[in-house]
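Counting in the working numbering, the sequence shown runs from 6 upward without gaps.
A few of these clues could be false.
Derived DEER-like restraints, expressed as beta-carbon distance ranges [unchecked claim]:
no., residue 1, residue 2, range
1, Thr89, Gly379, 33 to 41 angstroms
2, Ile84, Asp10, 26 to 34 angstroms
3, Gly215, Thr67, 38 to 46 angstroms
Hints are computed from structural coordinates only; laboratory data are not their basis.
Cβ coordinates follow ideal geometry from the N, Cα and C atoms, glycine included.
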Amino acid sequence: MSVVDDGAAIAYLRSPAAIRTRCEQIFTAGLASKLAHFTIELAALPRIVDRVVAVTRATYPTLAIPPFGCTNHLRAGGIDRMATFVTRLAALANDDQARAWIDLVVLVSLLGATAGDTWRYREAASGLVIGRSEGLALAVLHAFEAGVFSADPAQPLRADADALRTLDRARLADAFQVTPDNPLPGFDGRCELVRALGAAVTAAPHIFQGGRPGGLLDALGVPEETTRRDTDATWPHRLIPAIEAPAIMHALLEGLAPIWPRRLAIGSTNLGDVWKHSAAGGIGLAAGHVPLHGLTQSLAYSLLEPLERAGYTLARTDALTGIPDHRNGGLLVDLGLLVPRYLEVREITHLPGDEVVVEWRALTVAALDRVADGVRVALGKRATELP
6 MSVVDDGAAI AYLRSPAAIR TRCEQIFTAG LASKLAHFTI ELAALPRIVD
56 RVVAVTRATY PTLAIPPFGC TNHLRAGGID RMATFVTRLA ALANDDQARA
106 WIDLVVLVSL LGATAGDTWR YREAASGLVI GRSEGLALAV LHAFEAGVFS
156 ADPAQPLRAD ADALRTLDRA RLADAFQVTP DNPLPGFDGR CELVRALGAA
206 VTAAPHIFQG GRPGGLLDAL GVPEETTRRD TDATWPHRLI PAIEAPAIMH
256 ALLEGLAPIW PRRLAIGSTN LGDVWKHSAA GGIGLAAGHV PLHGLTQSLA
306 YSLLEPLERA GYTLARTDAL TGIPDHRNGG LLVDLGLLVP RYLEVREITH
356 LPGDEVVVEW RALTVAALDR VADGVRVALG KRATELP
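Let the hints inform the model, and build the full structure from the sequences given.
In structure tokens, the structure reads:
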């Protein structure tokens, strides 16, 4: 096949439209009882919608629901650290504030994988002792504020490729409070991931301009003077282009491709969170492939609130899909929408590329669209209000 064919297939598999199309293909097969590992019980859907609506109303009585993303971990303990961070950024120009936010959020997302049951982080300012993803997020935030990821001591609130590529293990261990009595599972892997991020940023200057993850802002291609919400009454007819959520996702997928474990590839391009399933359909080089891009979509979602805080207008936030992780997929199994066909689905360990796992995750994406539709109707929200 030609380079053009390769490029078209890769671009398609990096789109939210491809995720939805392939997952719907598998869901349709499930409705026809043509899948090997799961059946679908649509009668359970209203029960799941009711559960989600009840939890949402109980948690957010005014329906002021914060955007989905890792930035919510920065509110652990009821402390709005995002507001504090905004204050620290106040001296920077709007674009530089946005770049700093992107730097921070990329690191929080990549380093925020499970911390196990025993590791804890003690926040000096509040005295809060916390573990899991919230503790990791706070550790990254305070390391970022201390300049751990910056190559310039005079500009601590940034992440530079050079500093990331040469990250000192001992310095990160100190920032994460890792000791023999407070071990962090996968700590060495996190160090290597940060270094790999630095290498990826260096290798993709067209995406990460200026040698930092925050250079993604410039690669999104919307001129500074027309991107932000326009409050200038002297320009009543100015058109305000927006940054589209799928464009954020696509840029992240291209720029971060080298850091993911190499699985499926087209040519020399690592596809990342893309798998094979017999019911996926499609034609050409992309046939049979199921793109899911869970972590990258989570990262794209996480960037939306900071970009809005920096004054940027966003569009097509509802184009991204639900995240096919164990929490969402597990809920759909536990509440009876996705029903395993045989006991081993739940009783043995499966690899990420096993068809049973791919099937479960794909069904989760398609089912979440249906759950979301029901929840929006119940709460009186549009898709753009509750993506």
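- prompt: Honestly, do Thr89 and Gly379 meet the 33 to 41 angstroms range at C-beta?
  reply: holds (37 angstroms)
Verdict for Ile84, Asp10 (Cβ pair) under range 26 to 34 angstroms: violated (51 angstroms)
field: Outcome for the supplied range 38 to 46 angstroms, where the beta carbon pair is Gly215 and Thr67
entry: For Gly215 and Thr67 the Cβ distance comes to about 40 angstroms; the hint holds.
Hint 2 alone, counting from the list given before, is not met by this structure.
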